[in-house]
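Please take these sequences and the hints and turn them into a complete structure.
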Amino acid sequence: DAKTTQPPSMDCAEGRAANLPCNHSTISGNEYVYWYRQIHSQGPQYIIHGLKNNETNEMASLIITEDRKSSTLILPHATLRDTAVYYCIVRVLTDSWGKLQFGAGTQVVVTP
Amino acid sequence: EAGVAQSPRYKIIEKRQSVAFWCNPISGHATLYWYQQILGQGPKLLIQFQNNGVVDDSQLPKDRFSAERLKGVDSTLKIQPAKLEDSAVYLCASSLEAGGTQYFGPGTRLTVL
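Protein chains in written order, with the working numbering: chain A, 1 to 112; chain B, 113 to 225.
Take the hints with a grain of salt, since some may be wrong.
What the hints assert, rightly or not - Calculated lysine-lysine pairs in the BS3-like style (CA-CA distance at most 25 Å, straight line):
hint, chain 1, residue 1, chain 2, residue 2
1, B, 183, A, 99
2, A, 3, B, 156
3, B, 123, B, 156
Please keep in mind that the hints were generated in silico from the structure rather than gathered at the bench. Being a predicted model, the structure only gives us computed values, none of them experimental.
Written as C-alpha cells, this is what we have:
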C-alpha cells in the first residue's frame with residue numbers, strides 16, 4: 001500500500017502558484033520523498049525529490065516539514081500544460097532496489 | 113537524448129489470446145521496469161530487471177505473464193492467455209542504476225474484449 005495521502009483533486013488558476021500537499025506521517029529516516037506527474041495519455045514524468053532539505057529545480061520546489069511528516073510541491077507559475085495527475089511517493093533506496101509505489105495521486109486542473 | 117520507446121502504442125485482443133509488448137530503454141540504463149496501470153489507479157510494478165537479471169517479480173502473475181531482457185537492453189512483456197482484467201496501460205521505465213531516477217515510456221494501452 002502507498003505510504004502517502006494526497007487530496008484527490010484540486011484546481012489552480014493559470015499563472016498562479018499551485019501548492020500540492022502530501023502527508024507521509026509514517027516516513028522513515030532512510031526514505032526519500034519523490035514527486036512524479038502524469039499528463040493524460042503519457043507515462044509518468046519525474047519532477048523532483050528530497051530527503052529533508054527543501055529542493056528546487058527548473059520545474060518545481062519541494063518543501064519538506066522539519067519532522068518530515070508532510071511536504072508540499074510548489075509549481076510557481078502554473079500553466080495549462082501543468083494539468084496532470086501528481087503523485088507523491090516515499091521511496092527507500094536500499095529496499096527492493098528502490099521501487100516506486102504509486103498511490104492514486106492528485107488530479108490538478110489548471111484553468112485559464 | 114532519446115527517451116524510453118515502447119511499441120505498439122495500442123493493442124486490442126480477445127480474451128484467451130496472446131500479446132507481447134516491446135520496450136527499448138534509454139541507452140546505458142542498467143535497470144528496466146514494467147508497470148501495469150489500470151484506469152483510475154497509479155502504476156503498479158510488475159517486474160524489475162538489473163541488466164538481464166530479474167531483481168523483483170513479486171507482483172507479476174507468473175501463470176500468464178512473462179518478461180525477458182536477454183541482452184540487458186531491450187525487453188519484452190508477454191501475456192498468455194489474456195483475461196478481461198488485463199485491460200490496462202503497460203508502462204516501461206528505465207534508470208541508470210537501481211535506485212536512480214526512473215524515466216517512463218509512453219505506454220501501451222491494451223484492451224481485452
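These are the hints, each one checked on the structure:
no., hint, in the structure
1, B:183 with A:99, "holds, 22 Å"
2, A:3 with B:156, "holds, 14 Å"
3, B:123 with B:156, "holds, 20 Å"
Every hint, counting from the list given before, is met by this structure.
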